[in-house]
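Protein chains: 2
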Amino acid sequence: MKNYLVHDEWKIIEEGFHPEFNRISESIFSLGNGRMGGRGNFEEKYSGSTLQGNYIAGVYYPDKTRVGWWKNGYPEYFAKVLNAANWIGIDIEIDGETLDLAKMEIESFSRVMDMQKGTLERTVVATFKSGKKVKITSLRFLSIVAPEIGAISYTLEPLNFDSTLKISPYVDFDVENEDSNYDEKFWVAQHSEISKNEGYITALTKKTEFLVCSGMKYDVFLNDAPVQPEYEEKLEKMFISSTFGVDVQKNSRITIQKYGVNISSEYFPKDELLAASKKILSKAYTKGFNSLLSEHTNAWMVKWETSDIKVDGDVAAQQGIRFNIFQLNQTYTGEDERLNIGPKGFTGEKYGGTTYWDTEAFCLPFYLATAEQKVARNLLIYRYKHLQKAIENAAKLGFKNGAALYPMVTINGEECHNEWEITFEEIHRNGEIAFAIYDYIRYSGDWDYLAQYGFEVLLGISRFWCQRVNWSEHKQKYVMLGVTGPNEYENNVNNNWHTNNLAVWTLKYTLEVIQYLKYRHPQEYKEITSKSNFVETSETQQWKDIVEKMYFPWDETRQIFLQQDDFLDKDLTPAAEINPAERPISQHWSWDRILRSPYIKQADVLQSIYLFEDRYDKEFIERHFDFYEPLTVHESSLSSCVHTILAARIGRPEKAYEMYLRTARLDLDDYNNDTCDGLHITSMGGAWMAFVIGFGGMRVSENMLSLNPFIPESWKSYSFKIKFRGVLLEIIVSHGVVEIINHSEADLMVDLLENIVTLNRNSSTIFENKENQLP
Amino acid sequence: MKNYLVHDEWKIIEEGFHPEFNRISESIFSLGNGRMGGRGNFEEKYSGSTLQGNYIAGVYYPDKTRVGWWKNGYPEYFAKVLNAANWIGIDIEIDGETLDLAKMEIESFSRVMDMQKGTLERTVVATFKSGKKVKITSLRFLSIVAPEIGAISYTLEPLNFDSTLKISPYVDFDVENEDSNYDEKFWVAQHSEISKNEGYITALTKKTEFLVCSGMKYDVFLNDAPVQPEYEEKLEKMFISSTFGVDVQKNSRITIQKYGVNISSEYFPKDELLAASKKILSKAYTKGFNSLLSEHTNAWMVKWETSDIKVDGDVAAQQGIRFNIFQLNQTYTGEDERLNIGPKGFTGEKYGGTTYWDTEAFCLPFYLATAEQKVARNLLIYRYKHLQKAIENAAKLGFKNGAALYPMVTINGEECHNEWEITFEEIHRNGEIAFAIYDYIRYSGDWDYLAQYGFEVLLGISRFWCQRVNWSEHKQKYVMLGVTGPNEYENNVNNNWHTNNLAVWTLKYTLEVIQYLKYRHPQEYKEITSKSNFVETSETQQWKDIVEKMYFPWDETRQIFLQQDDFLDKDLTPAAEINPAERPISQHWSWDRILRSPYIKQADVLQSIYLFEDRYDKEFIERHFDFYEPLTVHESSLSSCVHTILAARIGRPEKAYEMYLRTARLDLDDYNNDTCDGLHITSMGGAWMAFVIGFGGMRVSENMLSLNPFIPESWKSYSFKIKFRGVLLEIIVSHGVVEIINHSEADLMVDLLENIVTLNRNSSTIFENKENQLP
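Line by line, the protein sequences give chains A and B.
Position one of the first sequence corresponds to residue 6 (this note's numbering), numbered consecutively onward.
Position one of the second sequence corresponds to residue 6 (this note's numbering), numbered consecutively onward.
Mixed in with the good hints there might be a few duds.
As the list makes no split between identical chains, a pair holds if one copy fits it or if it spans any two.
Simulated pairs of lysine-lysine, DSSO-like, Cα-Cα distance not exceeding 30 Å [said to hold, decoys possible]:
| id | residue 1 | residue 2 |
| --- | --- | --- |
| 1 | Lys108 | Lys140 |
| 2 | Lys190 | Lys76 |
| 3 | Lys7 | Lys76 |
| 4 | Lys255 | Lys138 |
Simulated from the structure, these hints should not be mistaken for laboratory data.
Turn these sequences into a full structure, and let the hints steer you where they fit.
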């Protein structure tokens, strides 16, 4: 846990340089716009510890996998989004000395991410070995209006000397992935050109043959007046630069405005990519830095309009939740249904930028409630487009007849992960993907989605569950053997309650959906059943039988469902009794000791209770919470949010707040000592859920939004915004009072604090919330 | 399954060259002498498919391991016995054409391993592209008398031309392992020299720094008369040769007698190794080829004296069992307690020449019954010497107080395997190692072994079991969670019966041993307890509690012990109903499908019943055999022997014979399509067990040998030899009659066909065995 960043409501501030935390800072100060992103690297050379990272969404390489012992069904490769061209680079040389903060004395330093505006600024005063002192001011952003474009304004000011500066803006495509399994490089040079202040490189990914063009163009200003210098160009296959010299006097300012373009062949035919890049860069260049910046910051204003959360009385909490919202919006914009959300977004190499069930379980709610409907919808269509691959994936494992198993880790629909206990067994993911369809429709009311896309996915997943269970003669029940639940500290268990629960739920829901489609979309239903060779009578008969006769492990004494068969055979010593020096156990205990222990990595039974909360009463949830939470070590960043939500649900505001604190500033405070690898983007969705669903008590059921907020003791007030079926609400919670502003042109009926009330259009309503008490 | 080898009682014969099976033949025609070994490669160049392999016992390299996802406790490396110098090489050139059978027309070819004599012969007539026809005759052996020495007599005969032959005997140390994980080479050149007909290379293994010296010396004969040719030496760091030319007329014979020496620094100080090698080679050279050969074949005669098995009426069976005995004796001689038996012996790279529990479970009985006592004893001392490493290994996994977990795979006592489900969980191996101590003492009567070595090992293992179980409040029993049994088609199960059984047995046996030591060896007992910090009262109290309250999964309905908890939840369709096109399932099914299935790779519950057979009556064994065998797919070469033995035990001779056939010619017929990787050496011990314990009905209990033989229908008679406490018996079994010859100077009382009889010294006794019926 670290605490070197300044607390501020809208900004992330590193005041004074912390080279020892530079990789952490680079992760935290990452910029992204949904189509590309990059770590908070310096523009100029830096010879200290750094992880240079620029990533283009959807451009991946199938890196040859490593395994201990091959198992049938393993994927051959692990697809990873590649480190792409460094387009931000500007090398500076002054009288033979290279500007490199690792080798200079730093007088002052500040790195500031303005989350309201989506910009990264840096101001440095530093002295060369020669005694020459310079001031650097840089401002960088990745446009969320023109998503191929990034821009930098970089100013140098000699503070105590006159000299000729040698400045080299460049694009470097000769990059590698630090996590390459066999030290391979993944890019093949195609074309490079440089002419004066403008240049381009195109490179092809090996095997996958994505073509990417990265280019730059820049202007130079001396004391804000344009300069036309002489350029000295350097052209290599994977590197272009054009260097110019400029004479400067003490206290004059030399500014480089550098525009970068990055486009992949996912958006233009390969033979048009270079031309398109030139055109797009030229347009941005013509528009100019300030116009680009102002349209960008305006667009961020609009995003914040519908997604901001305010906390009054706790700046650290304010900064934390805004950071989460900001990074989620930097990572995924929902413009392109081929893209998804990697656990680290565009902020590092770990997890390869691939998609996990994190998206459905922990990110979807945020986008549902804060963005346009199409954003969440595109997350679902991503999976629809992978249905055929999911069917092939299941077939590799021996399933038939269109059964679909979505991969644990994927970028193109194919499985990438190579541990059998995860790849083959952590199949609850399939249920989470089915549940996301229900969740989306419940929230949006977009029932047509079922006929267009949803049912086909549900059918594939239902078929999978139907084949994945087997009849136990012994139990006279259907059982599901050999699975791994969300709690990955158990492997290959039988009858994981959460998985069995999701399986039965999927079958039931698909049966309901069939009824709905036959009534409302008979033609589409017919087409899909024919296309899918769906034999309704016999297949649904099996499903019904499973729904009726599924086994769920249950402890009669405690009246609780068990995480899995034989869970009670474990030594159930609470996690609080583990020697603190041995926490986290994942770093201190052998794997077999962890597996044998009762300790739970992240919500498992409670994950199911969270999903299906409306089935259970408070006492039921309490019993399960009180049994499982003390055994939970929360060693996944995805654990706290579910516990916050359930603790709030059963009226334990202090526990809810304690759980929330683990997730709210996870990266800003480097809570898990791993922010250097990149940010925990998907768990940021969990932090939002903990806030809005946990504190705000937001639920949707039967077409009605309900709210049941409470406020942590130490806060003065907080507010959050949500969109629900076209209505934008702002919920302001303070001690004893809840105010809801309906910012829209339509009235909305909601269930507030267990009363049904109408929120009139364009008006504010104030409610008493006397006890600030949860049920 | 292949069938290209000629059936013969004493010889393995390849008649006509089968280049498509050459790697298989190279495995089968492997030679070894316990200290070194090599595949049946050709002396001359061969450009076809070949796996060049020469191995020096105990000389290993810790190859960097590969894993999918690192788990705490994994070993950093996989130790592998290295491919060492090719010392057999003799290159031949005739008028610019290189002798290379892959490029010649072969008129006749025979490759013959004479198992009685321990020699490999080859006779070839082949024609060059130029039309020149030659005859090659080679005879090779690795001396079991001078275990550093190998010798070759290689004769060339021009059949239709006169010419000058260019002949280059060489030693090539520039070798690599085909299975190197990262394509590394493992040897570093140290010294090389060549002078006329004699040369040496020494090389060091990276990291482990074993020094090995390989050398050669040769003589040349023309029509059996010595020749002194001119030598042209070639000296490289890792290669030496000396080439000579010799004029030959049609039908004359040119013979090279080449002697090789291979010694490692395990036997001489590094600075004396070269000199020692020269001295040893010189001694062999002076002795001459024929003397070396005759002392070698005589020594083999002596080995066969005590270990031969004869089958009358089935040449294939005769050849099969002799091949197994021959290869076991080639692999391990018991001279050096630092050595052990790799699953492939010296016949290939797979499994890295490392030690598995195969040794204790499937090889020990063979050496106990056919070799001097010290041979089996040294196998045990090997583990004793690794005790400290086993304690360290357990400590890495979180165990304390001298608990010992022997590795799954090892060469120096450290764990090498890197799959958690095996490394951490397949812990029954620990029990098998404990059982081997009991087995050895039961057979040999060497109770002193307990005080010298055995008890310390038992103590470490008992401490492990004691910590590995936990108390289940729910069951009010001790349970053992998260294990993998011998059936590796199940992973991470709870309460594997075999493992629980072995744990309780170890504790009980150790308690007995303590009683014995306190009575018979009080001083040694005191020393060991003090050295081991053994607190007898409290530790044994815990053990007794576990022995009393251990849980064993049991099916009341079927009256059988269950392989593990919840086994009955599986779909128990018999293996016979699996689509034959999907067998072996390990090659056709995904791993998760295998895990969920009820199919058993090799004996698991039945392995325990085999070990503890004396506890169970025939009906008990039948019930378990009839439940488990139909679910067993026998996809381990170690499966059949236990099934043969138990089938014989319950009076099912046909089933016993069927099972035996799967193992008896496993490699000769390439039953599993993998003999190209090397021979299944450890399963050869199983084949011997199937024969002697299965057909012969040999048991030892309460200090008495018992025999209860039956004979398969199709055989006329068979006989086997066993040594028991100084007495050599020959048991000859035919239909209706059992004859036992006591070849020793002492009488022996045995339990024969359930009658106690005395076998008088140096005499034969004949017994009726009317029904050839098993109990």
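Against the structure, the hints come out as follows:
1. Proximity of Lys108 and Lys140 under a CA criterion of 30 Å is satisfied intra-copy only: 15 Å inside one chain copy versus 75 Å between copies.
2. Proximity of Lys190 to Lys76 under the C-alpha cut-off of 30 Å is found in both arrangements, the shortest distances being 27 Å within a copy and 27 Å between copies.
3. Taking the closest pair of Cα atoms, Lys7 and Lys76 come within 30 Å of each other only across two copies (26 Å); inside a single copy the shortest separation is 41 Å, beyond that limit.
4. Proximity of Lys255 and Lys138 under a CA criterion of 30 Å is satisfied intra-copy only: 10 Å inside one chain copy versus 92 Å between copies.
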